[in-house]
Amino acid sequence: MAQSEELSKPLGLLAELTHRCPLGCPYCSNPLALESRDHELDATTWARVFTQAAGLGVLHVHLSGGEPGARRDLVDIAASAREAGLYTNLITSGVGITTRTMRDLWEAGLDHVQVSIQDADAVSADHIAGYRGAFQRKHALAAEAVRLGLPLTVNLVVHRANIGRIGDMVDLALKLKASRIEIAHVQYYGWALKNRAALMPSAEQVKRAVAAVEELRVRHHGKIVIDAVVPDYHARFPKPCVGGWGRRSLNVTPSGRVLPCHAAETIPGLEFWNVRDRSLADIWRSSPAFNAFRGTDFLPEPCASCERREIDFGGCRCQAFLLTGNARATDPVCHLSPDHARVAELAAVQEDKAYDYRRM
Amino acid sequence: MINLAADNLISSDARPRLPRGVRLTHNEAQGGWVLLAPERIFKADAIAAEILKRCTGEATLAAIVDDLVAAFRAPRERIHADVTKILSGLAEKKLLEL
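So the sequences go chain by chain: A and B. Under my numbering, the first residue of the first sequence is numbered 859, with each subsequent residue one higher. Under my numbering, the first residue of the second sequence is numbered 227, with each subsequent residue one higher.
Among these hints, one or two may not hold up.
[What the hints assert, rightly or not] Chain A is faced by these chain B residues, among others (derived, beta-carbon under 10 angstroms): (1) Gly247; (2) Arg249; (3) Gln256; (4) Pro264; (5) Glu265; (6) Ile267; (7) Lys279.
Quick caveat, the hints were computed from the structure, so don't treat them as lab data. Even glycine gets a Cβ: it sits at the ideal position worked out from N, Cα and C.
With the hints as constraints, model all of the structure from the sequences given.
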C-alpha cells in the first residue's frame, strides 16, 4: 500500500478560484453542484496554499475556475502564486479579463496564458459557449497576451458540433499567435456527462479527427506544438488519470476542499479535507480521499496482473464509478475490462437535442 | 573537413536568454533547480543551473564562458563545450533564445 512506499511529490496544483463563469459551455468539467461566491477562499488563504504547495514540491499552478477573471482580486492571487515561486498559468475563457487586468497580471509575473476556443466559426462558437460575443472577446484577450510577450496556449474542446473543423481551429490558433494548442476531446464528467448524447461524435467522425490531428502535426511542425487528448470512449486503453491518484497533482475547489482530481467528488463516500482546517502537506499525506486509490494494490483483475498497471493505474476512478458503479473497477474504457462493451453502447447514443447549459 | 557539431553553431556574440514563459527556479522539495515551461518540467543539474542563471540576455556567450571559467577554475575548452551543448539543446526545444 502507499504508506509503505515513499510518498511521491505533487508537481501541479489546479486552483479553482471560483465557479462563477459568464459562459455556459455544456461540456464544463465543473461539478453540477457549483459553489457560490460566499464560500470562496479569500486571497490571503490562497497565498498560504501556494506557499504550502511550493514547500510540498509543486512547480506549476493553474489558476482556473469557473472563470478566474470573475474574481476582483485575481491579480493579487496571481502575484502571490508567483511570489511562492510557482510557475503561474492562467486558464481563462477570455471573457471577464480586460486588457488592463491582463497587463496587471503580466506585471505580477504571470508566466503563461491558456485561452479556450469553442469553434473556428463565430456563430457556432458563441452558441456552444451560450454567450453572444464571447468569440470576439477571446481574440482581444489573446492579442493582448501576445503583445505583452506572454506565451499563449489555445485550448479546443472537441465534440460533435465542431469535430469537423479541427484544421480551421488550428489555423485560428496560429492566427492568434499561440505557441501551443491543446486539442481535447470532451471527457464525460460533470456537465459533459449530463450533455453526453448531445456532445458525442460518431465513431467515424472520431476516426477522421484523429487522422486530421496527425496530419496537422506534420504540417505545422516547428510552428506550433500540438498536444492532443484522446477521445476516451473510443480508445482501447484508459488514460492514466491525473498521472495516478494522489501521485502528481492536486486540485483545490473554490471553497478549499482538496481533491486528487477535479471530478473526484463524483465518487460517493470519499472524505475530503479542507485547506481552511489543515496544511496542504497534511492533506496530501493523510487525507482519506488521497489514500483511497493510491498505488495499484486496490486494483482487481485484469489490472492486477497487467503489465500496464504502472502506466495507466487502471484508468480513471471517476469513470470506473460512473460507468460500472464501482470506483475500484478497471476503467471500462480499457478493452480488457469486462464492462468494455458498455462504453461502445454509450458512445453509440447520439441525439441532436438542445444543450443543457452550465449554470449556477 | 567541415565540422557541423552543435558547439560551433552558437556565435560567441550571442546573448542567450530564457524567453518569457520559461523560468529557472529552485524548489527544495524537488531537490534543486528546475527549468519550467508550459506543461513541461526539466530538472537542471548543478552545471546546467550555473549556466542558465547567467542567460539573462545581457551577457554574451563568450562572457558567460569566461565567468564560468573564473568561477569553477576549469579549462575554457571544456566549459565552452558544456555550455554550447546545453544551450543548443535548449534552443532546439524553444526553451532558450539566442
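Evaluated hints:
no., hint, verdict
1, Gly247, "holds, 3 angstroms"
2, Arg249, "holds, 6 angstroms"
3, Gln256, "holds, 5 angstroms"
4, Pro264, "holds, 5 angstroms"
5, Glu265, "holds, 7 angstroms"
6, Ile267, "holds, 6 angstroms"
7, Lys279, "violated, 15 angstroms"
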